[in-house]
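Novice: One letter stands for each residue in the lines below.
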Amino acid sequence: MAAPVSDRPGIGRGPRRARGAQRGSSVAGRLAWPVAVVAGIALAVLVLPLAALVVRAPWGDLTELLARESVLQALVLSFTTATVATACCLVLGVPLAALLARAADWPTLPRRALRAAVTVPLVLPPVVGGIALLMLLGRRGPIGQLLEESFGVTVPFTTGAVVIAQVFVSLPFLTFAVEGALRSADRRTELAAATLGASRWQVFRHVTLPLVAPGVAAGAVLCFTRALGEFGATITFAGSLPGVTRTLPIASYLAMQSDPDEAIALALLLLAVSVIVLLGLRDRWLPEVRA
Amino acid sequence: MTDAAGASSAADPSSAATATRPSLHADVVVARGETRIAAAFDVAPGHPLAVIGPNGAGKSSVLAAIAGLVPLESGRVAIGARSVDRMPPERRRIGVLFQDYVLFPHLTVRDNVAFAARMRGSRAAARAAAEPWLDRYGLLALADRFPAQLSGGQAQRVALARALAAEPDVLLLDEPMSALDVEVRADMRAELATHVREFGGATVLVTHSPADAAALADSVLVLERGRVTQRGTLEELRASPATPYVERMLAASGE
Chain A
0 MAAPVSDRPG
10 IGRGPRRARG
20 AQRGSSVAGR
30 LAWPVAVVAG
40 IALAVLVLPL
50 AALVVRAPWG
60 DLTELLARES
70 VLQALVLSFT
80 TATVATACCL
90 VLGVPLAALL
100 ARAADWPTLP
110 RRALRAAVTV
120 PLVLPPVVGG
130 IALLMLLGRR
140 GPIGQLLEES
150 FGVTVPFTTG
160 AVVIAQVFVS
170 LPFLTFAVEG
180 ALRSADRRTE
190 LAAATLGASR
200 WQVFRHVTLP
210 LVAPGVAAGA
220 VLCFTRALGE
230 FGATITFAGS
240 LPGVTRTLPI
250 ASYLAMQSDP
260 DEAIALALLL
270 LAVSVIVLLG
280 LRDRWLPEVR
290 A
Chain B
0 MTDAAGASSA
10 ADPSSAATAT
20 RPSLHADVVV
30 ARGETRIAAA
40 FDVAPGHPLA
50 VIGPNGAGKS
60 SVLAAIAGLV
70 PLESGRVAIG
80 ARSVDRMPPE
90 RRRIGVLFQD
100 YVLFPHLTVR
110 DNVAFAARMR
120 GSRAAARAAA
130 EPWLDRYGLL
140 ALADRFPAQL
150 SGGQAQRVAL
160 ARALAAEPDV
170 LLLDEPMSAL
180 DVEVRADMRA
190 ELATHVREFG
200 GATVLVTHSP
210 ADAAALADSV
220 LVLERGRVTQ
230 RGTLEELRAS
240 PATPYVERML
250 AASGE
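In order, the protein sequences belong to chains A and B. Numbers 0 to 290, taken from numbering that gives the first Met the number 0, label the letters of the first sequence in order. Numbers 0 to 254, taken from numbering that gives the first Met the number 0, label the letters of the second sequence in order.
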C-alpha cells in the first residue's frame, strides 16, 4: 500500500492515494467452479487438521494435564522468553525499520542487500538458523570463544540462548510491520514538525512514533507469537533442558513420544494463544502488516 | 481579549505585529533531476512577495530550499543579518503553510497549534500558550477535534495558527488556496490576507493564480522553467508582460 512517491524535491503535493477500483462488479465477483472447488480443498487443508486437534483433545483431563509440573515449567519458560525476545525485537527492530524505510532513496545494490539480510530469517529453515547461531556463539565460534575466555560466559544451551534464537527468527516480523507503517506515514508531517522547531529526535518521538504506533503494536504481537512457537532454532542452539530451555513447542514434541495426551494439551494451548492473537489483530492492524 | 494565565507576552498574538521584523534575503539554486532552479530576491517585512509561475516551474522547490527542506546547491538564505542556509529547518525560524496543510493527524487542533511550544516546554505550558492563538483564529470550538474532522477552511486556519504560534521571522505559503473548494476560496483568501498583514514579517507566497497574488502580495516574481523571467507589481506586469506566459496568465485571471 505504498503511495506513489514523487521524485520532485519540494513541499508540493503529498502522496495521493490511487482511487480504489470499482468494487462488487457482479461478473468479476463470480468464480469458475473448478477454482471454487480447489479453493474449498485448500481451505480444508488449512482448517481440518486444527479441527481434528480440537475434536481429539482430551477435554476431560485437560485441567489435570495442564497443571502438571513439566507443563507449567514449559509454560512459564515460554512466556518469559517470548516476552523478553519481543522486548529485544522492539528495541532493535524499530530503528532497523526506520533504516529500511529510509533506504528507499539508496542505490539499488546496498538497498537490496539490506532488505535481503532482514528477510533471510523468514525464508531460512529455523534449524539452519540454530546451527548458524552455534557457529557464531558456540565455544569454537568467534564471539562465543571471546565471551568464554574474557568473561567465562557460555551462551548455548542456556535460557539466554532461547531468547537469542527467538529474536533471530522473529525480528523480521516486527521490522517489516513497522517499516510498512513508516512507509505509509506521510513523510511531510516530519518536515512540518521540523519547521516548527522539532529536532530530529523530537520529530521521531512526537510525530513518527505515534503515527506508526499501530504498526509497532501489530508487529510486536506477530513477533511474540512467532517467538512463542519457535522450535527448530531453539532445539539446535539451546537444546531441551527442562525448566531452562524446554519451551512449549519442544515439550509438546517430546511428550508426543511418551504421553500423547499431554502433547495434545500443549498443542491446544499454543493454538488457543494463536487464535487469541488473531482475534486481537483483526482487520484493524493486519492491512499495515502486509508490507 | 482575555489573557490566558501562563501565556507569556511573547506568545500573545496581538504583540506580533508591533515587533520589528527582519527582512528575507534569498538567493537559491536547487537541483531538481536534470534541471536547475535559480531564484534570487529580497522580501521586506510587511510587503509579501508572490512567486507565480506555471506548474512545474520550480516554485515549491524554491520555498522548500528557503525553509531548509531540500538541500541548496549554492546560494544564500539570510533573515536580517542572520545567515540560515547552513542551519537545519528547526533552527531557521521559518514558518511554512503547506499546500494541503499537513496537520498532525494524531493530535487535536489544540495540540497541533501547541506543537511548537511543546517542543520547548511541558505539555501544560504549551497548551496554555496555544489558547490565545486558538481564540484569535476562531478555533476554540474545534480545539478538541482531530484534523480528519475538519473542513478545508478550518484545516487551513489550524495550519496557519500552528505556523504563526511558533513565532517565525519569515512565513512561507505554498499554494494556500489550491486545497480549498472553489466556493470558499474568496472568503478564505480575504481572511488569509488579514492574517498575513497582522503577521507583519517577511512573507513569500507561491501560487499560479493572479487573484491570490493580488489579494495577498505587494509584488510578484515570475518563475518559468526554473528561471526568474519578470519581477514587479501586477500593474507593472500588466503594462509590459515580459513573456507569453505572463500575458496569458493575466488575460485568464479572474478564476
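Read the hints as simulated data drawn from the structure, not as lab findings. Some hints here could point you the wrong way.
As the list claims (entries may be wrong) - Each pair of labels, with its calculated beta carbon distance range: (1) A:L278 to B:R196: 54 to 62 Å; (2) B:A251 to A:L277: 56 to 64 Å; (3) A:S198 to B:A185: 37 to 45 Å; (4) A:L47 to B:P87: 55 to 63 Å; (5) B:A30 to A:R199: 18 to 26 Å; (6) A:S198 to B:G137: 29 to 37 Å; (7) B:A30 to A:R114: 26 to 34 Å; (8) B:G151 to A:A51: 55 to 63 Å; (9) A:A112 to B:E246: 37 to 45 Å; (10) B:D41 to A:P106: 33 to 41 Å.
Said to hold, decoys possible - Which stretches of chain A does chain B cover? Using the computed rule of at least three CB atoms under 8 Å from a CB of chain B, they are: (11) 120–131; (12) 183–190.
Beta carbons: idealized from backbone N, C-alpha and C, even for Gly.
Novice: So, for every hint listed, does it hold in this structure?
Specialist: So, going through the hints one by one against the coordinates:
For the hinted restraint 54 to 62 Å between L278 (chain A) and R196 (chain B), the CB-CB distance of approximately 57 Å keeps it satisfied. Distance hint check: the CB atoms of A251 (chain B) and L277 (chain A) are about 58 Å apart, consistent with the given range 56 to 64 Å. At roughly 40 Å, the beta-carbon separation of S198 (chain A) and A185 (chain B) lies within the given 37 to 45 Å, and the hint holds. The beta-carbon spacing between L47 (chain A) and P87 (chain B), approximately 59 Å, falls within the hinted interval of 55 to 63 Å.
Restraint check, A30 (chain B) to R199 (chain A): a C-beta distance of roughly 23 Å satisfies the suggested window 18 to 26 Å. The hinted range of 29 to 37 Å is satisfied by S198 (chain A) and G137 (chain B), whose Cβ atoms lie roughly 31 Å apart. For the hinted restraint 26 to 34 Å between A30 (chain B) and R114 (chain A), the CB-CB distance of approximately 28 Å keeps it satisfied. Between G151 (chain B) and A51 (chain A), the C-beta spacing of about 57 Å keeps the proposed range 55 to 63 Å intact.
In this structure the hint that A112 (chain A) and E246 (chain B) lie 37 to 45 Å apart at CB is violated, the actual value being about 54 Å. At about 39 Å, the CB distance of D41 (chain B) to P106 (chain A) agrees with the hint of 33 to 41 Å. Coverage of the segment 120–131 of chain A by chain B is violated. Counting CB-CB distances below 8 Å, 0 residues qualify, and the rule asks for three or more. Coverage of a stretch by a chain is defined here by at least three residues with a beta carbon nearer than 8 Å to that chain's beta carbons; for the segment 183–190 of chain A and chain B the count is 4, and the condition holds.
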